[in-house]
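> Sequence:
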Amino acid sequence: MSLARHSRIFSHSSSHTSPSRRTLLRGGLAFGVAATGTVLATGSALATGRGNGAPAVADVPGAEWIPANSANFTAADRPTEYPVEFVVIHVTQGSYAGTVQHFQNASAQVSAHYVVRSEDGHVAQMVHDKDVAWH
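The opening position of the sequence shown corresponds to residue 1 in UniProt numbering, with each subsequent residue numbered one higher.
Derived from the structure by calculation, the hints contain no laboratory data.
The beta carbon of each residue, even a glycine, is placed where N, CA and C say it ideally should be.
Don't take every hint at face value.
Stated by the list, open to error - Using C-beta positions, here's what the derived DEER-type ranges look like: (1) H135 <-> A97: 30 to 36 Å; (2) Q93 <-> H122: 25 to 31 Å; (3) A56 <-> D77: 16 to 22 Å; (4) A71 <-> Q93: 18 to 24 Å; (5) N105 <-> A56: 14 to 20 Å; (6) H122 <-> P79: 14 to 20 Å; (7) A76 <-> H122: 25 to 31 Å; (8) A71 <-> Y96: 19 to 25 Å; (9) G62 <-> H135: 21 to 27 Å.
Using the sequences provided together with the hints, build the complete structure.
Structure (structure tokens):
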């Protein structure tokens, strides 16, 4: 993805006050610790495009399920109880809503398992833990 295209997708106005990096990391780390300790084996087939009638729900209690476009991740053929070993935290340069929309755009070819809204710590899961998000 070109820098110009990336900047256009994730642009923000100069009147927006961004949260500090510390605030973003604190929220992400708190969620990461919770995620590695409470991952559930729910495995939504609908959300990953396999369509076997399973409900589209987040793997972690309290997270909102907002699916990424199925063109932006790999539906993995591995057990749902596959352990989480690492948590990778990325910071985006756009808004929460813009980030979610970007991951729902089929041509983006990028996704994340979780998006944390900096204002209040709200968590959206976009790719199931057992599937492979494209970072």
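> Each of the hints needs a verdict: does it hold here or not?
How the hints compare with the structure:
1. H135 <-> A97: 30 to 36 Å: Given range 30 to 36 Å: violated, Cβ gap about 20 Å.
2. Q93 <-> H122: 25 to 31 Å: With Cβ atoms ~19 Å apart, the hint is violated.
3. A56 <-> D77: 16 to 22 Å: Roughly 19 Å apart at Cβ, these two residues keep to the hinted range, so it holds.
4. A71 <-> Q93: 18 to 24 Å: The hint (18 to 24 Å, Cβ to Cβ) holds, given that A71 and Q93 are roughly 23 Å apart.
5. N105 <-> A56: 14 to 20 Å: With Cβ atoms ~19 Å apart, the hint holds.
6. H122 <-> P79: 14 to 20 Å: Because 29 Å falls outside the window, the suggested range is violated.
7. A76 <-> H122: 25 to 31 Å: Given about 26 Å between the Cβ atoms, the range holds.
8. A71 <-> Y96: 19 to 25 Å: About 22 Å separates the Cβ atoms of A71 and Y96, which means 19 to 25 Å holds.
9. G62 <-> H135: 21 to 27 Å: holds (23 Å)
This entry does not satisfy hints 1, 2 and 6, going by the numbered hints stated previously.
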